[in-house]
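Peer 1: All chains, full assembly: derive it from the sequences and hints.
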Amino acid sequence: GQNIDQPTEMTATEGAIVQINCTYQTSGFNGLFWYQQHAGEAPTFLSYNVLDGLEEKGRFSSFLSRSKGYSYLLLKELQMKDSASYLCAVRAVNTGFQKLVFGTGTRLLVSP
Amino acid sequence: EAQVTQNPRYLITVTGKKLTVTCSQNMNHEYMSWYRQDPGLGLRQIYYSMNVEVTDKGDVPEGYKVSRKEKRNFPLILESPSPNQTSLYFCASSLSRRTDTQYFGPGTRLTVL
Numbered sequence: 001g002q003n004i005d006q007p008t009e010m011t012a013t014e015g016a017i018v019q020i021n022c023t024y025q026t027s028g029f030n031g032l033f034w035y036q037q038h039a040g041e042a043p044t045f046l047s048y049n050v051l052d053g054l055e056e057k058g059r060f061s062s063f064l065s066r067s068k069g070y071s072y073l074l075l076k077e078l079q080m081k082d083s084a085s086y087l088c089a090v091r092a093v094n095t096g097f098q099k100l101v102f103g104t105g106t107r108l109l110v111s112p
Numbered sequence: 001e002a003q004v005t006q007n008p009r010y011l012i013t014v015t016g017k018k019l020t021v022t023c024s025q026n027m028n029h030e031y032m033s034w035y036r037q038d039p040g041l042g043l044r045q046i047y048y049s050m051n052v053e054v055t056d057k058g059d060v061p062e063g064y065k066v067s068r069k070e071k072r073n074f075p076l077i078l079e080s081p082s083p084n085q086t087s088l089y090f091c092a093s094s095l096s097r098r099t100d101t102q103y104f105g106p107g108t109r110l111t112v113l
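Here the protein sequences line up with chains A and B, keeping their order.
Going by our numbering, the first sequence opens with residue 1, and the numbers climb by one from there.
Going by our numbering, the second sequence opens with residue 1, and the numbers climb by one from there.
Quick caveat, the hints were computed from the structure, so don't treat them as lab data.
Computed from a prediction, not measured in an experiment: that's the story for all the values here.
Every residue, glycine too, gets a C-beta built ideally from N, C-alpha and C.
Any given hint might turn out to be false.
[Unchecked claim] One side of the interface only, derived from the structure: several residues of chain A facing chain B at Cβ under 8 angstroms:
(1) A42
(2) P43
(3) F45
(4) L87
(5) K99
(6) L100
(7) F102
(8) G103
(9) T104
(10) G105
[As the list claims (entries may be wrong)] Some residues of chain A that are not near chain B, with every Cβ distance over 10 angstroms (derived):
(11) M10
(12) T11
(13) N21
(14) T26
(15) K57
(16) S65
Peer 2: This is how it looks when you write it as structure tokens:
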């Protein structure tokens, strides 16, 4: 089975940097995704890691360590619009098909 | 515009009354999936489909049915809805099973009384 852990809630200040951690236990690991979800809206894709290391995309970066079952999403120069839930999701290959398992999400509140 | 659409967006119904939530994508994606999202439980996969006529159970399939007769459509059927199926439902699609990105529909908020 799969188990994914993320903090439930985090707060940060506009302009700051915040790191959202995700730890996972899964068999057949095949990649880790981060999605952003504003309240009442659909999740939108942020980043994808399948090899160890850092992937950078503008203000957002994501890191993966497969040996530690650990990832983080780093948000720089925080803006008010970054207030949202951030979902960590792990892809596992079961019976040859894709399965995506989501964590419960981290709600980030950015204050002025 | 590339998108995943769901209908209806909001639905209030009563226990036992069969309903269908439609999902359609215009991106020629092979892979489609249904999730439900509940507070404290996150997104959980109900069913997924690798291609036309190929579907499989996700983590919480009980009480749901799906079909994939055409590539673009993947309806979710609740034959006899119960209150514990009150939830926010999302349909998603991706180009293939190994594609990085899943595109989500806008969601359907279902209440079963």
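Peer 1: What hints, given by number in increasing order, does this structure fail?
Peer 2: Violated hints: none; all satisfied.
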